[in-house]
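Fit chain G to the known structure of chain B by using the hints.
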Amino acid sequence: MMPDLGKYAEAVLSSYAVSIALIIGLILFSTMRSKRVKKQLQEIEKKVKSNG
Amino acid sequence: MNLNTLWAYANPKKFIQTTDRVLPWVAGLAALALVLGLIWGFFFTPEDYRQGSTVKIIYLHVPSALMAINAWMMMLVTSLVWIVRRHHVSALAARAAAPVGLVMTVIALITGAIWGQPMWGTWWAWDPRLTSFLILFLFYLGYIALWEAIENDDTAADLTSILCLVGSVFALLSRYAVNFWNQGLHQGASLSLDKEENVADVFWYPLLVCIAGFVLLFVALVLLRTRTEIRARRMRVLLARERMGA
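Respectively, the protein sequence lines represent chains B and G. For the first sequence, counting from 1, position 44 maps to 44 in full-length UniProt numbering; every step adds exactly one. For the second sequence, counting from 1, position 103 maps to 103 in full-length UniProt numbering; every step adds exactly one.
Extracted from the complex, chain G is given alone in its bound form:
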């Protein structure tokens, strides 16, 4: 696919037509991968010799944390496209992704706290990764609130794009905090391209299926919500025109 074909999807009509065909498949695959991964992880994996059965929490915690950061990165890319090319669909896609990213962040924070209580002896610690994740959560709230607070769509898209650029620092910090500061309770990354650093295969394969499920769920929800935002924007334009004509 060359870049010119890609820009064709910036046309709201074309975007809705294409996602009409794609969305059921992505949603179906997401449901399949999530159900398969979670059942595999919950019912058919052993206890870890150190963590006991709490190891089963990784099938929710790791994919949700991964998606919390990657959702913000996706919002960064679409915000940059809005700033440079002024394509409304890209700004609306960023808006559509924010609540999904927020829920992923909440899941990561809650499951992390529930896991931390028996393992670390505390629900919360002001550890670099945990703290940067909390800040990312606040950025998500701020981003969503800013979209809601500004009536003019273009101004809202401009300001939220700037907020997204600033928040990207914390999204990156959330990912690399463990590497930047070699302190705190949170262990290193569970996933790495270096096979030796990964978790054992018996946990690793169901975790990969769960990650695929969370990625597909994110894509499906963003496509669905972007379609909604496109329609909501058209609705606002038509209502404004009608008000001006009256």
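Only chain B is shown next, with the shape it has when bound in the complex:
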């Protein structure tokens, strides 16, 4: 199934590895920060509401 990349295998595979790692890292970072900020805001809004 793996295509024969010949003498450029290292260049092609490292390009894909670095790019996919960066994209997945960005997605994970953005998703985790989104969840964290949403949770923090909910807690602050609850606190503000209870303080009147």
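No lab work stands behind these hints, which were simulated from the structure alone. A portion of the hints provided could be inaccurate.
Where chain B lies over chain G, by a calculated footprint (3+ residues, C-beta under 8 Å) [stated by the list, open to error]: (1) 54–61; (2) 100–107; (3) 113–127; (4) 223–231; (5) 235–244.
We put the beta carbon where it would ideally sit given N, CA and C, even for glycine.
For chain G alone, kept in the frame of chain B given last:
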């Protein structure tokens, strides 16, 4: 959609409500197009007679370079909207897009260097397009650092908008450097509305799918990150109010 309906999305609540419905679809389509395009490009395209298997790098390099420039252009438009209309969502959308554009620029630079080593015999050359891309990368870093450095959101939005206007010159230079200076190692555009200038169909179709995937990924990430920035801003406002009340 007329302009009045468009401005309705400048309301943070309306923006979050709308993106609640839209975001899963955009993210799903982005994942589908990226997986399909990259698998097609990597596994099911032949070697190029000159570049050998390194031609497979274009499925990452070309879409990421395209998005690196277009992300800055999107930031320019939203920054202008902030300067003219003072809509916070537009300034926050520019802020949200910057790290995505930065990652796209890094991918373009790294994959370009990896491709350049076997093809040009060097990782790097002070070629007009490469140099303007490096400057664009530095502008992204500066833009993100400026947002982080200024505590007042409105002042940060004003100053970063000005930086964005200045950086647009380099974003445009990155795109058209090959046309402006007919020198350097980098070849002409791989994509053109003129069909004769495009790459061969066997590479072109998977490349189009990859470009669609990168565009959709960018849109999905910017929507997600803008929602986060809207919430983070509200959090800062509430905390400031509480501090003043205490």
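Going through the hints against the structure:
no. : hint    : result
1   : 54–61   : holds (count 5)
2   : 100–107 : holds (count 4)
3   : 113–127 : holds (count 4)
4   : 223–231 : holds (count 5)
5   : 235–244 : holds (count 5)
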